[in-house]
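In order, the protein sequences belong to chains H and U. Each residue of the first sequence is one higher than the one before, starting from 1 at the first, in the working numbering. Each residue of the second sequence is one higher than the one before, starting from 1 at the first, in the working numbering.
Hints in this document: simulated from the structure, not taken from any laboratory. There may be inaccurate statements among the hints.
Straight-line Cα separation of at most 25 Å, SDA-like style, residue types lysine to any residue; simulated pairs [claimed, not checked]:
(1) Lys40/H with Gly109/H
(2) Lys100/U with Lys129/H
(3) Lys142/U with Phe56/U
(4) Lys218/U with Lys142/U
(5) Lys100/U with Asp81/H
(6) Lys94/H with Thr297/U
(7) Lys94/H with Ala307/U
(8) Lys16/U with Pro421/H
(9) Lys142/U with Glu83/U
(10) Lys94/H with Lys96/U
(11) Lys100/U with Pro421/H
(12) Lys94/H with Lys218/U
(13) Lys129/H with Asn299/U
(14) Lys96/U with Pro421/H
(15) Lys85/H with Gln103/U
(16) Lys96/U with Lys129/H
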Amino acid sequence: MSVVVQPLPEVNPLQDPLRFSRRVPPCAIVIFGASGDLSKRKLLPSLYRLFYERRISPSFAVVGSSRTPMSDDEFRHRMADSVSKFLEDAPFDKEVWDSFAQCLFYVPGDLTNPDSYDDLRKKLDEIEKSHQTAGNVLFYLSTQPSHYAEAILELGAHGLNRGNGWRRVIIEKPFGHDLLSARKLNDEIHKVFLESDVYRIDHYLGKETVQNILAFRFGNGIFEPLWNRRYVDNVQITAAESIGVEGRGGYYQEAGALRDMIQNHLSQVMATVAMEPPTIFDATNVRDERAKLLRAVRVVKSEDVPKYAVAGQYGPAKVGGEDLPGFRQEPSVNPQAQTDTYAAVTFFIDNWRWADVPFYIRTGKRLPKRVTDIAIQFKAPPLGLFTQETKGGLRAARPNLLVLRIQPEEGISLRFLSKSPGSGMRVRPVSMDFNYGSSFGERTPTAYETLLVDAMSGDPTLYTRQDMVEASWQIVQPILDVWANTKFDFPNYAAGTWGPKASDEMLARQGHVWRIP
Amino acid sequence: MSSAVIFPAQPENILKGLGKLWTSLGQEEKQQGKPTVLRACAMTLIVATDEPDSGFAASQTISELMHAHPARGIVLAVSPDAEKSLEARVLAQCWKPFGKAQQICCEQIEITARPQSWPNVGPTLVGLTVADLPVIFWCRHKGALRQAATKEEHAGLEAITSLATKIVIDAHDMPASDTVTLIERWQARGRVIADLEWTRLTPWREPLAHLFDVCECKLSDFHSIDIEYTDERPSMAALYLAGWLSLYRPKVSFRRVGGYLPGVHRVTLHSDSKTIDFARTGPDSAVLHSASGRECTYNFGEPAVTALMTEELALMGVDPAFNAAFARVRELLPDTP
Ligand SMILES: NC(=O)c1ccc[n+]([C@@H]2O[C@H](COP(=O)([O-])OP(=O)(O)OC[C@H]3O[C@@H](n4cnc5c(N)ncnc54)[C@H](OP(=O)(O)O)[C@@H]3O)[C@@H](O)[C@H]2O)c1
Numbered sequence: 001m002s003v004v005v006q007p008l009p010e011v012n013p014l015q016d017p018l019r020f021s022r023r024v025p026p027c028a029i030v031i032f033g034a035s036g037d038l039s040k041r042k043l044l045p046s047l048y049r050l051f052y053e054r055r056i057s058p059s060f061a062v063v064g065s066s067r068t069p070m071s072d073d074e075f076r077h078r079m080a081d082s083v084s085k086f087l088e089d090a091p092f093d094k095e096v097w098d099s100f101a102q103c104l105f106y107v108p109g110d111l112t113n114p115d116s117y118d119d120l121r122k123k124l125d126e127i128e129k130s131h132q133t134a135g136n137v138l139f140y141l142s143t144q145p146s147h148y149a150e151a152i153l154e155l156g157a158h159g160l161n162r163g164n165g166w167r168r169v170i171i172e173k174p175f176g177h178d179l180l181s182a183r184k185l186n187d188e189i190h191k192v193f194l195e196s197d198v199y200r201i202d203h204y205l206g207k208e209t210v211q212n213i214l215a216f217r218f219g220n221g222i223f224e225p226l227w228n229r230r231y232v233d234n235v236q237i238t239a240a241e242s243i244g245v246e247g248r249g250g251y252y253q254e255a256g257a258l259r260d261m262i263q264n265h266l267s268q269v270m271a272t273v274a275m276e277p278p279t280i281f282d283a284t285n286v287r288d289e290r291a292k293l294l295r296a297v298r299v300v301k302s303e304d305v306p307k308y309a310v311a312g313q314y315g316p317a318k319v320g321g322e323d324l325p326g327f328r329q330e331p332s333v334n335p336q337a338q339t340d341t342y343a344a345v346t347f348f349i350d351n352w353r354w355a356d357v358p359f360y361i362r363t364g365k366r367l368p369k370r371v372t373d374i375a376i377q378f379k380a381p382p383l384g385l386f387t388q389e390t391k392g393g394l395r396a397a398r399p400n401l402l403v404l405r406i407q408p409e410e411g412i413s414l415r416f417l418s419k420s421p422g423s424g425m426r427v428r429p430v431s432m433d434f435n436y437g438s439s440f441g442e443r444t445p446t447a448y449e450t451l452l453v454d455a456m457s458g459d460p461t462l463y464t465r466q467d468m469v470e471a472s473w474q475i476v477q478p479i480l481d482v483w484a485n486t487k488f489d490f491p492n493y494a495a496g497t498w499g500p501k502a503s504d505e506m507l508a509r510q511g512h513v514w515r516i517p
Numbered sequence: 001m002s003s004a005v006i007f008p009a010q011p012e013n014i015l016k017g018l019g020k021l022w023t024s025l026g027q028e029e030k031q032q033g034k035p036t037v038l039r040a041c042a043m044t045l046i047v048a049t050d051e052p053d054s055g056f057a058a059s060q061t062i063s064e065l066m067h068a069h070p071a072r073g074i075v076l077a078v079s080p081d082a083e084k085s086l087e088a089r090v091l092a093q094c095w096k097p098f099g100k101a102q103q104i105c106c107e108q109i110e111i112t113a114r115p116q117s118w119p120n121v122g123p124t125l126v127g128l129t130v131a132d133l134p135v136i137f138w139c140r141h142k143g144a145l146r147q148a149a150t151k152e153e154h155a156g157l158e159a160i161t162s163l164a165t166k167i168v169i170d171a172h173d174m175p176a177s178d179t180v181t182l183i184e185r186w187q188a189r190g191r192v193i194a195d196l197e198w199t200r201l202t203p204w205r206e207p208l209a210h211l212f213d214v215c216e217c218k219l220s221d222f223h224s225i226d227i228e229y230t231d232e233r234p235s236m237a238a239l240y241l242a243g244w245l246s247l248y249r250p251k252v253s254f255r256r257v258g259g260y261l262p263g264v265h266r267v268t269l270h271s272d273s274k275t276i277d278f279a280r281t282g283p284d285s286a287v288l289h290s291a292s293g294r295e296c297t298y299n300f301g302e303p304a305v306t307a308l309m310t311e312e313l314a315l316m317g318v319d320p321a322f323n324a325a326f327a328r329v330r331e332l333l334p335d336t337p
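For reference, chain H alone in the conformation it holds in the complex (with noise of 0.2 Å):
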């Protein structure tokens, strides 16, 4: 028998990756949806900075794509402003502003009409000499998510899907409206690009708090010995938001927080907490694991829903002196809106890992404070050896909480007893506390930076792959089914407080509270 062994590809002897900086190909970005919000505060702040920090190869260009019409020059002004005004944790410097935007073009055209995909073609070709970015070119959806397939399908139809060099397409949020959705969306977008060549973005994925928890976790010999249901009483994910739908109630009313937060952030923030440690940390590898969890995730009979779901929605409420709208009061919101505000799930992970760990989720906009972080509440010490109402051998109360914090004052803490001075052996919680931002005193990439990066260098680590979509959009669906077809008594929680009522019954029915942040 003879094998016949494929040459490996030869590794660059003189590659150092432990100080030369990633190498980021030359490439046009077209962003669709150029002139609307996500592109002004996030889109051209990132790609600023990223120029402004040499991160991005010299051949690069931006091509801005909407139906408002403006020339180049016009786009350039606007996205200064943008740029000078919600650049984050940086000053705005304009010598390199103008640099950068000699590498902005512009456009208009609807996304409906082909004859804007000729003109597309027209300026790219222009670009590919004038910026010599190889024909490479990312393509960046940032639309109303109705125009995500016909897009792709025009962009195909179009030939724009290949070229002289790679052709990629990042998709914003939200993946489909549900199950059925996301697998026709996907269906769509096979038919013109590879799934190695789509980019489905999940901002909280980009976020340098969120890799922490792998670095924390697999970085670390000591705490995967107790990552599991031998020692996790329960977990807990929170994202709140002290703001409400600040002017996108149209878009909310449609969304709602299960399937605006849940279904995708906090179900991948879930799946990197819970997943099994990778053999290789690369894309391949890393989401494997994440979508092998997620598949892992009970999904929960529509009976049950009830016992393991709660939706709410704010009522009108003063706070600090100020009268806080209900919801059903904001700015384009049905004053009927079933809209759940806020949502709370009890997930269970069916795996010799952590089965019947309740993971417990909740999400909502106007509670008291804005703050994302996961509890991982340890279970109790078997004997209650020194708390005065545990004498005499009860269980003592959980006292070990690790909380992994993702916003604000990113960081980790640990809370565990310790002996109160003077006499007598009474303890007391003490927390032991680590602060990203004071650790490394580094700025630190937003996400998007750190995702349009990945996406011009082609790892999709940090980005969604369809079976780990469609597992999100499995455990969520029997909820927004059974929710769909009830009527709420909303509104039932006022502005800035933690929820309805029966959030916090859900946990009680397993003898647990939901911690205050």
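Given the coordinates of chain H, work out where chain U with the ligand should sit on it, guided by the hints.
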């Protein structure tokens, strides 16, 4: 904010001084009623210097480094003019990150010693390193690095190197043979060594390395390398560059030329049919001609020492590329002008 002179400079006294300093920063917080100061520390950074400014430049650099690498900074200024044989002062380096209300503060200890007291500093430093975090020793004390160092300098240096996780030197104006002997000695004891002469090469190495990302260009095809330098002799940077590029043992030649900045001026790689050339074209620029004839301009001048140290402090462990280049430098040394 800084304390009065602490004498005798025993660890206990210095730590008490630090404690007082934090207490006074805490009072400020109390008055304002909210947390205004965040204490940060990721390592102990010891800097020894014999510069005539009593450690002023070193302190200045440490305060700049703190932003990216918060540390307990310890500056040891060895000077025959020191008032007392050994004395210390503690201070806090604080800064406010852009857009944040809270200041981040790092502690700094300044120790002044007369040369004959230097060997006694070791025990003080042992008591001052932050527990369980890496200890980086940046030796700016030129005298101690010479082969002809005095007995005190030698003992003083040894006392600190034995504490260090990583030792950083700048061999720019040191004789190459001294540098090689020194690094070999420390490496034999399992220390991680960094030489800022190697760090200076990153802007040269990175564009060169990228040329070999594509398969059309194979390093093994290049059988000779010419390096032009501007110093009196090939600096360590020139030698490291040669060492790094000579994985496949090409013929290496060095030539002295006039140029814009000290150090490497040009590197040229030859194969049978192709040439790669990377040369300074001004104090802030260099042009790279790739094997396919493409020309690319890079803007880099002489890097500030803070930038070099920032790069080094980001790497705590072994640097395999440096070690490989250094091993080859030892082989090249006898043939160097
Ligand atoms: N904003 C955020 O913070 C945020 C966060 C996460 C995800 N997202 C997602 O990002 C996407 C964009 O959000 P957004 O907030 O930027 O929305 P937006 O402000 O409503 O912007 C939509 C953009 O699409 C363009 N557009 C609409 N119809 C078009 C058509 N027929 N042809 C061409 N262009 C058209 C609009 O420009 P013209 O009117 O000039 O055509 C505008 O530039 C959405 O999918 C959203 O879910 C947004």
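Hints, verified against the model:
A threshold of 25 Å between alpha carbons decides the hint, and for Lys40/H with Gly109/H the separation of about 18 Å falls inside it, so the pair holds. Taking the CA atoms of Lys100/U and Lys129/H, the gap is near 43 Å; set against the 25 Å cutoff, the hint is violated. Distance check on the hinted pair: Lys142/U and Phe56/U sit about 16 Å apart at the alpha-carbon level, within 25 Å; holds. Between Lys218/U and Lys142/U the alpha-carbon distance is near 40 Å, which puts this suggested pair outside the 25 Å criterion.
Between Lys100/U and Asp81/H the alpha-carbon distance is near 22 Å, which keeps this suggested pair within the 25 Å criterion. Proposed proximity of Lys94/H and Thr297/U is supported: the alpha carbons are some 23 Å apart, at most 25 Å. Only pairs whose Cα atoms come within 25 Å are accepted, and Lys94/H paired with Ala307/U is accepted, the gap being roughly 24 Å. Of the pairs offered as hints, the one joining Lys16/U and Pro421/H holds, with about 22 Å between alpha carbons and a cut-off of 25 Å not exceeded.
Simply put, Lys142/U and Glu83/U have alpha-carbon atoms about 22 Å apart, close enough for the 25 Å limit, and the pair holds. Pair hint Lys94/H plus Lys96/U holds up; C-alpha atoms about 23 Å apart against a cutoff of 25 Å. Taking the CA atoms of Lys100/U and Pro421/H, the gap is near 35 Å; set against the 25 Å cutoff, the hint is violated. A hinted pair counts as satisfied when its Cα atoms are at most 25 Å apart, and Lys94/H with Lys218/U does not qualify at roughly 42 Å.
Of the supplied pair hints, the one linking Lys129/H and Asn299/U holds, its CA atoms being roughly 23 Å apart against a limit of 25 Å. About 35 Å separates the Cα atoms of Lys96/U and Pro421/H, which puts this hinted pair outside 25 Å; it is violated. Taken as a hint, the Lys85/H and Gln103/U pair is honoured in the structure, with Cα atoms around 24 Å apart against an allowance of 25 Å. Under the criterion of a C-alpha separation no larger than 25 Å, the hint pairing Lys96/U with Lys129/H is inconsistent with the structure, at around 44 Å.
Against the hints set out earlier in the document, violations occur for numbers 2, 4, 11, 12, 14 and 16.
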